Amino acid sequence: MRELVDFSTLMTIAIGAIFINNFVLSRFLGICPFVGVSKSVESSVGMGMAVIFVMTLAGVATYYVNKVLALSGIEFLQTLSFILVIAALVQFVEMFLQKFNPALYSALGIYLPLITTNCAVLGVSLLNIKEGYNIIEVIVFSLCAAVGFALALVIMAGIRERLEITDVPRSMEGAPIAFIVAGILSLAFMGFSGMKF
Amino acid sequence: MITIFLSITVVGGLGLLAGGLLAFASKKFAVEVDPRVAQVQAALSGVNCGACGHPSCAAAAQAIAEGKAPVNACVAGGETTMRMVAKVMGAEASAAVQRIAKIQCRGDIGIAKLQYEYHGIDDCRAAYILFNGGKACAYGCLALGTCAKACPFGAIEYTFHRVPHVRYDKCTGCGVCVDVCPRSLIDLYEATDEVFVMCKSHDKGAQVKKVCDVGCVACGICERTCPFEAITVQDGLAVIDHTKCTKCGLCVIACPYNCIWGKPKETRAFITDKCNGCTICEKVCPVNAITGEAKHLHVVDPDRCIACGICVGKCPREAIEMRERKASLAEAA
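Protein chains in written order, with our numbering: chain G, 11 to 207; chain S, 21 to 353.
Among the clues, some could well be false.
[What the hints assert, rightly or not] Calculated cross-link-like contacts (lysine-lysine; reagent style DSBU-like; alpha-carbon spacing at most 35 angstroms):
1) K294(S) - K49(G)
2) K283(S) - K267(S)
3) K169(S) - K49(G)
4) K109(G) - K48(S)
5) K283(S) - K49(G)
6) K294(S) - K315(S)
I should point out that these hints are in silico values taken from the structure, not numbers from a laboratory. Values in this document were obtained by computation on a predicted structure and should not be read as measured data.
Throw the hints in and build the complete structure from the sequences for me.
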């Protein structure tokens, strides 16, 4: 039995989630918001914050849901129940925020419901279980995976804002050049693989 | 068997739990929202042009519903939007004057001279920072299409290195382009205005001629031509007073540098048989398009007539009317 809080393990998980196995750039999860919401830095920060918020909550919630599933011996229903739980959770949090924290609600805005059934959110829940993390590790991993997602999104938005004013061949404008940039960005992040602690 | 039973119980339970939680939350955390906000927002165009002074259509809808903004706040939507909003708010409202943008320069690259060849970021504002842009004329359009990119309605057509062109069927008068033009060449006019000076150069005539073939040199011909004193030359530039302008189009023809633009006219004057041959119209016609002997029916030459409408106002028997050009050509034939 491992200790509940082991800083070197947590550090490894954090660095691994943010850089080495970045959700967008090396696991290729959550590509649609990565391309869709990366047109301006402002909106990408909003999306990033919403993802951090939801992913951490969803990671914790699904950890306990999985306990229930494990008790009943029906772990094969993970995907189904996780989607159900995440969707309900996001809806609940949205209503809660609208009532008690309208400022945060309007800051997260449209992005909160957008990521309800995002594959990155489901991915983090499934990976938590697969890696057999304990609750502290689940929180750290979920948070850092989301931070990694937000990081990739903001970097991408910064590049795309520059691309807006550069002379791009007509046929490559918009999404095509964005995909090429995403590929190069992903190559750059591959440089982190092999990092050991 | 037990697995199937457990699956149904656990997942069904989860679903019920989630459903119950959400039902509870929607009652407990319900926020009262004015239903008119959504209705007003549905009536607005949703392009977030910002012409009304609010950051987005949603914010404008909120302001209208709260009564902080008038029902005709949406400049871009025009009369139909205004009616729909007024219906939601239960208020009577008259539309704000419909306005259109006009880019006042004719100096395409090639017509107007360059002071240097600009190869940089494809944006007028970027070019403007670099020694005031590539145009030799300090007032000319930089022709990189920043206004066309900024237009939220796709109403400005831009082809490379030519002065962009505003499409009046799409322009809503929101004024976004007015703010982005670094040369301040775009102004908003009332949609009923038809004659414009297509130059903003305040330079001396000799300097204008040196850099451009279609610039206003302040020769004053238009000022002397205008029968209604609607054009005056002010500070080296002809200026049209649109409250006096009758859209007769005489200045358009008179300008030797072709820098006054008038909306092409589809009508021509036509003299009906009420004419008693008084010859007044013949005398007032500025282009000598009317001929006829005294006490006989006069005839308008539709090829020479410019549809200025001066004769219509002068005829004592109200015998002259404006007809579609094709119809009047057919009559003449």
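We went through each hint and held it up to the structure:
1. For the suggested pair K294(S) and K49(G), the alpha carbons sit about 68 angstroms apart, so the restraint of at most 35 angstroms is broken.
2. Note on K283(S) and K267(S): the hinted pairing holds, with a Cα-Cα distance of about 9 angstroms set against a maximum of 35 angstroms.
3. Pair hint K169(S) plus K49(G) holds up; C-alpha atoms about 16 angstroms apart against a cutoff of 35 angstroms.
4. Between K109(G) and K48(S) the alpha-carbon distance is near 9 angstroms, which keeps this suggested pair within the 35 angstroms criterion.
5. Our distance criterion of 35 angstroms between C-alpha atoms is broken by K283(S) and K49(G), whose separation comes to about 40 angstroms.
6. Taken as a hint, the K294(S) and K315(S) pair is honoured in the structure, with Cα atoms around 11 angstroms apart against an allowance of 35 angstroms.
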